[in-house]
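Protein chains: 2
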Amino acid sequence: MTTSGENEVLALFTERIALIKSYEEALAVLYWDLRTGAPRKGMDVRSEAIGNLSGQMFKLSTAPELGDWLTVLEAPTTYAALNEVHQRLVTETRKDYDRSVKIPPKLYQEYVVLTSQAESMWEEAKGNSDYASFEPFLDKIINYTNQFIDLWGVKGTRYDTLLDMYEPGMTTEQLDRVFGGLREKLVPLSAAIAASPHQPETGFLEQTYAKDAQKKFSLFILEQMGFDFAAGRLDESAHPFATGLNPGDVRITTRYLEGDVTSALFGTIHEGGHALYEQNIRQDLVGTTLATGTSMGIHESQSRFWENVIGRSMNFWSRYYGDLQKHFPGQLDVPVEDFYRATNVVQPSLIRIEADELTYNLHIIIRYEIEKLIFNEGVKASELPALWNAKYKEYLGIEPPNDGEGVLQDVHWSGGAFGYFPSYSLGNMYAAQLTDTLERELPNFWELVENGDLLPIKNWLTDKIYQYGKLRTPSELIEGITGKPLDPDYLVEYLKKKYTGIYKL
Amino acid sequence: MTTSGENEVLALFTERIALIKSYEEALAVLYWDLRTGAPRKGMDVRSEAIGNLSGQMFKLSTAPELGDWLTVLEAPTTYAALNEVHQRLVTETRKDYDRSVKIPPKLYQEYVVLTSQAESMWEEAKGNSDYASFEPFLDKIINYTNQFIDLWGVKGTRYDTLLDMYEPGMTTEQLDRVFGGLREKLVPLSAAIAASPHQPETGFLEQTYAKDAQKKFSLFILEQMGFDFAAGRLDESAHPFATGLNPGDVRITTRYLEGDVTSALFGTIHEGGHALYEQNIRQDLVGTTLATGTSMGIHESQSRFWENVIGRSMNFWSRYYGDLQKHFPGQLDVPVEDFYRATNVVQPSLIRIEADELTYNLHIIIRYEIEKLIFNEGVKASELPALWNAKYKEYLGIEPPNDGEGVLQDVHWSGGAFGYFPSYSLGNMYAAQLTDTLERELPNFWELVENGDLLPIKNWLTDKIYQYGKLRTPSELIEGITGKPLDPDYLVEYLKKKYTGIYKL
Chain A
1 MTTSGENEVL
11 ALFTERIALI
21 KSYEEALAVL
31 YWDLRTGAPR
41 KGMDVRSEAI
51 GNLSGQMFKL
61 STAPELGDWL
71 TVLEAPTTYA
81 ALNEVHQRLV
91 TETRKDYDRS
101 VKIPPKLYQE
111 YVVLTSQAES
121 MWEEAKGNSD
131 YASFEPFLDK
141 IINYTNQFID
151 LWGVKGTRYD
161 TLLDMYEPGM
171 TTEQLDRVFG
181 GLREKLVPLS
191 AAIAASPHQP
201 ETGFLEQTYA
211 KDAQKKFSLF
221 ILEQMGFDFA
231 AGRLDESAHP
241 FATGLNPGDV
251 RITTRYLEGD
261 VTSALFGTIH
271 EGGHALYEQN
281 IRQDLVGTTL
291 ATGTSMGIHE
301 SQSRFWENVI
311 GRSMNFWSRY
321 YGDLQKHFPG
331 QLDVPVEDFY
341 RATNVVQPSL
351 IRIEADELTY
361 NLHIIIRYEI
371 EKLIFNEGVK
381 ASELPALWNA
391 KYKEYLGIEP
401 PNDGEGVLQD
411 VHWSGGAFGY
421 FPSYSLGNMY
431 AAQLTDTLER
441 ELPNFWELVE
451 NGDLLPIKNW
461 LTDKIYQYGK
471 LRTPSELIEG
481 ITGKPLDPDY
491 LVEYLKKKYT
501 GIYKL
Chain B
1 MTTSGENEVL
11 ALFTERIALI
21 KSYEEALAVL
31 YWDLRTGAPR
41 KGMDVRSEAI
51 GNLSGQMFKL
61 STAPELGDWL
71 TVLEAPTTYA
81 ALNEVHQRLV
91 TETRKDYDRS
101 VKIPPKLYQE
111 YVVLTSQAES
121 MWEEAKGNSD
131 YASFEPFLDK
141 IINYTNQFID
151 LWGVKGTRYD
161 TLLDMYEPGM
171 TTEQLDRVFG
181 GLREKLVPLS
191 AAIAASPHQP
201 ETGFLEQTYA
211 KDAQKKFSLF
221 ILEQMGFDFA
231 AGRLDESAHP
241 FATGLNPGDV
251 RITTRYLEGD
261 VTSALFGTIH
271 EGGHALYEQN
281 IRQDLVGTTL
291 ATGTSMGIHE
301 SQSRFWENVI
311 GRSMNFWSRY
321 YGDLQKHFPG
331 QLDVPVEDFY
341 RATNVVQPSL
351 IRIEADELTY
361 NLHIIIRYEI
371 EKLIFNEGVK
381 ASELPALWNA
391 KYKEYLGIEP
401 PNDGEGVLQD
411 VHWSGGAFGY
421 FPSYSLGNMY
431 AAQLTDTLER
441 ELPNFWELVE
451 NGDLLPIKNW
461 LTDKIYQYGK
471 LRTPSELIEG
481 ITGKPLDPDY
491 LVEYLKKKYT
501 GIYKL
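As they're listed, the protein sequences go chains A and B. Counting from 1, one number per residue, gives the positions in the first sequence under full-length UniProt numbering. Counting from 1, one number per residue, gives the positions in the second sequence under full-length UniProt numbering.
There could be a bad hint or two in this list.
The list treats identical chains as one, so a pair stands whether inside a single copy or across any two.
Unchecked claim - Here are the computed lysine-lysine pairs in the BS3-like style, where the Cα-Cα straight-line distance is at most 27 Å:
id, residue 1, residue 2
1, Lys106, Lys59
2, Lys464, Lys326
3, Lys380, Lys393
4, Lys216, Lys41
5, Lys102, Lys140
6, Lys484, Lys185
7, Lys458, Lys41
8, Lys95, Lys126
9, Lys496, Lys393
10, Lys41, Lys464
11, Lys326, Lys59
12, Lys393, Lys126
13, Lys496, Lys326
14, Lys391, Lys380
15, Lys380, Lys59
16, Lys155, Lys484
17, Lys216, Lys393
Simulated from the structure, these hints should not be mistaken for lab results. Treat the numbers as computed from the prediction; the structure is a model and nothing was measured.
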C-alpha cells in the first residue's frame with residue numbers, strides 16, 4: 001500500500017468481506033437447522049427468510065462500490081504491496097464478482113425459479129421413472145446454462161467454464177487425459193474382480209445394530225481422528241453432510257441405519273474428513289471468504305482419504321475392530337479379515353451413491369462424458385437416456401431397467417450443477433496421489449494407522465493442505481505437495497494393490 | 001388507499017417489514033443455536049455475525065425511505081383506507097422507527113459497547129459480591145438511559161418512557177396503584193403463611209429423578225397442553241427460554257435437574273405457555289412484525305397462567321399425578337395432596353428466580369420502586385445497596401448477607417433493561433384477572449382441568465388473546481376480555497383462596 005487512500009479502500013474492502021462472511025455464517029446455520037430438525041410448519045417462512053437474506057448478500061457482493069474497491073486494489077503497485085491473504089482475497093473476490101455481475105438479475109431470477117420448480121419435478125419424475133416429464137425442464141436448464149457460459153465468457157471449451165466453478169483451473173483437456181487413463185484401467189480391473197472366485201462374505205453384516213451403540217462408536221472414531229468437539233458437533237440428518245460455519249464451528253451429520261452398521265460408520269468418517277479440513281484452517285483467514293476448502297475436489301479428497309484410504313484399510317481395522325466388537329457384544333464374531341473384506345466388496349451397480357470405492361469412478365466418468373457432450377457437442381436433453389444406458393452397459397456391464405435407476409437418479413442437473421460430478425473422482429485421485437507422498441514423508445504411516453496414532457497424519461495434512469483454506473489453488477496444492485500435476489495412475493495403483501489382495505487376483 | 005402511488009408505497013412498506021422480519025428470524029435461530037449447543041470455539045465469530053446482521057437490520061429499520069413511506073401511509077384518508085393489520089403495522093413501525101432514529105448512532109454504539117462490558121463486569125461483581133466494582137458501570141448506564149429518555153421525550157414521568165417499551169401504555173401512576181394494593185395485601189398474607197403451623201412436607205422431593213423420565217414427562221405434558229410439535233420443539237439449555245421464530249416454529253428449552261423433579265416440570269409448562277401464545281397467532285400476521293406477543297406482561301401472563309394457575313393446581317394433579325408416578329416407579333409414594341402442597345410452599349427468600357408464586361411479586365415491587373426512584377427521583381447508583389436491603393427487610397422480613405445475594409443478583413440492569421421487571425408481576429395479575437373471566441365463560445373450567453381436557457382452555461385463550469399477536473395492545477386485550485382495566489385484587493383473591501387452603505389459615 002502506498003497511500004492512506006488505498007489503506008482506506010483496503011479497510012472498506014475487508015469490512016465488506018467480513019459482512020458477506022457473516023451472511024454466509026447465518027445462512028449456513030439456517031440450512032443446518034432446516035436439515036437437523038426444524039419444525040415442518042415453519043418451512044415456508046424459513047425459505048422466505050433464506051431467500052431474503054441471500055438476496056441481501058447478493059446485493060452486497062455485487063455492489064458497484066465493491067467493483068471500484070477491487071479496481072483500486074488491483075493496480076499493480078498497490079496489489080504488490082498487499083500481504084498474501086489480501087492478494088488472494090482480491091483475486092477470489094474479483095472472480096466471484098465478475099461471475100455474478102455478468103448475469104442480468106432478471107435472467108438469474110428466472111433461473112432460480114426454474115431450478116426450484118425443476119427440483120420438485122425431478123423428484124416426482126424419478127419416483128415415477130418418467131423422464132418425459134422432466135425433459136423440458138432439463139432442456140431449459142441447459143439453455144440457461146449455455147446463456148450463462150456466453151455471458152461469463154468461454155475459456156478453452158464451453159464445459160471448461162463450468163468445471164472452473166467447482167475445481168478452479170480444471171480443464172476438459174486435463175480431465176480427458178486423467179479420466180481416460182482411469183477408465184481404461186478400471187474397466188478391466190472391475191471385470192477381473194467380478195470374475196474372481198474369492199468373493200467376500202457379507203451375510204454377517206445383515207443384523208440389527210443398536211443405534212445408541214452406533215452413535216457412541218461414531219463419536220469415538222471422530223475423537224480418534226482428532227475431530228475437535230469444542231469446535232464442532234455431530235448430529236443426525238436424512239442425508240449426511242458437513243458444513244463449516246467457521247473453523248471454530250464445523251458441523252457434520254450422519255444417518256444411523258439399524259440394519260447396516262457400516263452406513264453411519266463410514267458416513268461419519270467421510271464427513272469427519274471434511275470437518276478436519278475446515279477445523280484446521282489458519283486463524284488469520286477467519287472472517288474472510290478464504291476460510292473454507294479450496295475446491296470441491298480437494299475437499300472430497302479429504303473425506304475420501306479418511307473414509308477409504310484410512311477407514312477401509314486392514315491396518316485401521318487391526319486397531320479398531322476390537323473396539324467395534326465391544327460396542328456390539330456377540331454380534332461381530334467373524335475374524336477382522338472377514339470384516340475388512342466385507343466392507344470392501346466391489347460390485348458393479350446402477351446407483352452412484354451406493355457404489356464401491358472402485359466402480360464409483362466409472363459412474364462419475366459416465367456423467368462427465370455426458371455433460372461434456374451436452375455443452376461441447378450440443379447433445380440434447382432428449383438424447384440423454386439412451387446415452388446413459390449405453391455407457392452403463394459399456395463401462396459397468398449392466399443396464400438400468402428404467403430411468404429412475406438411470407439418468408434420473410441424481411439431483412444435480414435439476415439444480416443446474418453441471419461440472420460438479422468430476423469433483424468426486426478428482427477427490428479419489430487426489431487422495432491416492434497424496435497418500436503416495438504421505439507414505440514417503442511419514443515412512444511409518446501404516447504403522448501409525450495400525451497403532452491408532454492418527455494425529456501425526458492429521459497434522460501432516462494440516463501442514464500441507466488444511467491450514468491454507470482457499471489461499472492455495474487445487475493445482476498449487478497438489479503440485480506443491482506431490483511434486484507433480486494430477487496423475488490418475490496413483491489411484492489405479494492403489495486400487496490394484498488393494499483389490500488384488502482382497503480378491504486374490 | 002386512493003391512488004396507485006399509495007398502493008405502491010404500501011407494497012414497498014410491507015416488503016421492508018417482511019425483510020426486517022427475515023432478519024429477526026435469522027437472528028433468533030442464531031441465538032437459539034448459541035444457547036442449545038453451538039460449539040464453544042465458534043462463539044467469537046458468531047458474535048460478530050450477530051453484530052453484523054443486527055447492524056444491517058438496524059439500517060433497514062431506520063432508513064429514511066421507511067420514514068417517508070410511513071408519512072404517506074399516515075395521511076388520514078390513506079390510513080383510514082388501510083385494513084386493520086396494515087393500520088396497526090404502520091402505528092407499531094412508526095413507534096419503533098421514531099425510537100430508533102432519535103438516538104444518534106454514535107451514542108447508541110457507545111451504549112452497546114458499555115452494556116456489553118457491563119454484563120461481564122456484573123457477572124464478576126456478582127460472583128465476588130463486589131458492588132463497588134460494578135457501581136461505576138451502573139452509574140454510566142443510568143446516565144445513558146437518562147439521555148435516551150430526553151431524546152425519546154418524557155411522557156408522564158421519566159420512568160413511564162421506559163415502562164412503555166416493555167408494556168405499551170403502562171404508566172407509573174397505574175403501577176403505583178396496582179403494586180401499592182398488591183404490596184399492602186401480600187405482606188400480611190405472607191406473614192400469616194409463615195406463622196402457620198401447617199407447613200407442607202417437602203422431603204420426598206429430594207431424590208434422584210432420572211433425566212430420561214423427566215424428559216418424557218415434559219413432552220407428555222406439552223402434548224396435553226396442545227403444544228404442536230410440528231410447529232415447535234423442546235430442547236435443553238442452562239437457562240430455560242422460549243423463542244418464536246414464526247407461528248410455525250416456536251422453540252422452548254428446559255433444564256433437567258436430577259435432584260429436583262419440579263424444576264424441569266414447571267419450567268417446561270411455563271415455557272410451554274409462552275409457546276402456545278406464539279404458535280396460535282393468526283396466519284395473516286405471519287411475515288409481519290405483528291406476529292409476536294403484544295407485550296412482556298401479556299406474554300408472562302400466559303406462561304404463569306399455565307405454570308401456576310393450571311400447573312400448580314390441585315385439579316391438575318388430580319388428573320396427572322398418576323402419570324407422574326408411573327414415570328418414576330416407587331419414588332413418589334406420598335398422596336397427591338402432599339405433592340400438591342409441596343409444590344406450593346411459600347417461603348420469603350432472597351433470590352427472585354427461586355421465589356414462590358406469592359412472594360415473587362414482592363421481589364418485583366422492590367425492583368419497581370427502586371427503578372422509579374432512580375429515574376424519577378434521581379437516586380444514585382451508590383445508594384442502591386442500602387435501599388435494596390432496607391426494602392427486603394421491610395417487605396420480606398429478611399436481609400441479604402451480601403450484595404451478590406442482594407442488589408447484584410439480576411442481570412437486567414447491566415444490560416440497561418430498566419422498566420422490564422414489572423412485566424413479571426403484571427403477568428401474574430393479568431393471569432388472575434383472566435382466570436376470573438375464564439371461570440365465568442367456561443363454567444366447567446376446573447372440571448376440564450381435572451379431566452385433562454385442556455384444549456377448550458387453549459382454544460379460549462387463542463380466541464381471546466393468542467390469535468391477535470401485536471394487533472391489540474395489552475389494555476385493549478384485558479379490558480376487552482374482562483370488561484375492566486388491570487385490577488390487582490384478582491391476584492390477591494386468587495392467592496388468598498389458594499393459600500388459605502394449603503396453609504389452613
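Outcome of the hint check:
no.	hint	result
1	Lys106 - Lys59	both (14 Å within a copy, 26 Å between copies)
2	Lys464 - Lys326	neither (36 Å within a copy, 58 Å between copies)
3	Lys380 - Lys393	within (21 Å within a copy, 86 Å between copies)
4	Lys216 - Lys41	between (32 Å within a copy, 23 Å between copies)
5	Lys102 - Lys140	within (20 Å within a copy, 52 Å between copies)
6	Lys484 - Lys185	within (20 Å within a copy, 87 Å between copies)
7	Lys458 - Lys41	between (42 Å within a copy, 19 Å between copies)
8	Lys95 - Lys126	neither (35 Å within a copy, 52 Å between copies)
9	Lys496 - Lys393	within (22 Å within a copy, 84 Å between copies)
10	Lys41 - Lys464	between (45 Å within a copy, 23 Å between copies)
11	Lys326 - Lys59	neither (54 Å within a copy, 58 Å between copies)
12	Lys393 - Lys126	within (20 Å within a copy, 74 Å between copies)
13	Lys496 - Lys326	neither (33 Å within a copy, 61 Å between copies)
14	Lys391 - Lys380	within (16 Å within a copy, 83 Å between copies)
15	Lys380 - Lys59	neither (34 Å within a copy, 48 Å between copies)
16	Lys155 - Lys484	within (24 Å within a copy, 76 Å between copies)
17	Lys216 - Lys393	neither (42 Å within a copy, 54 Å between copies)
The earlier numbered hints that this structure contradicts are 2, 8, 11, 13, 15, 17.
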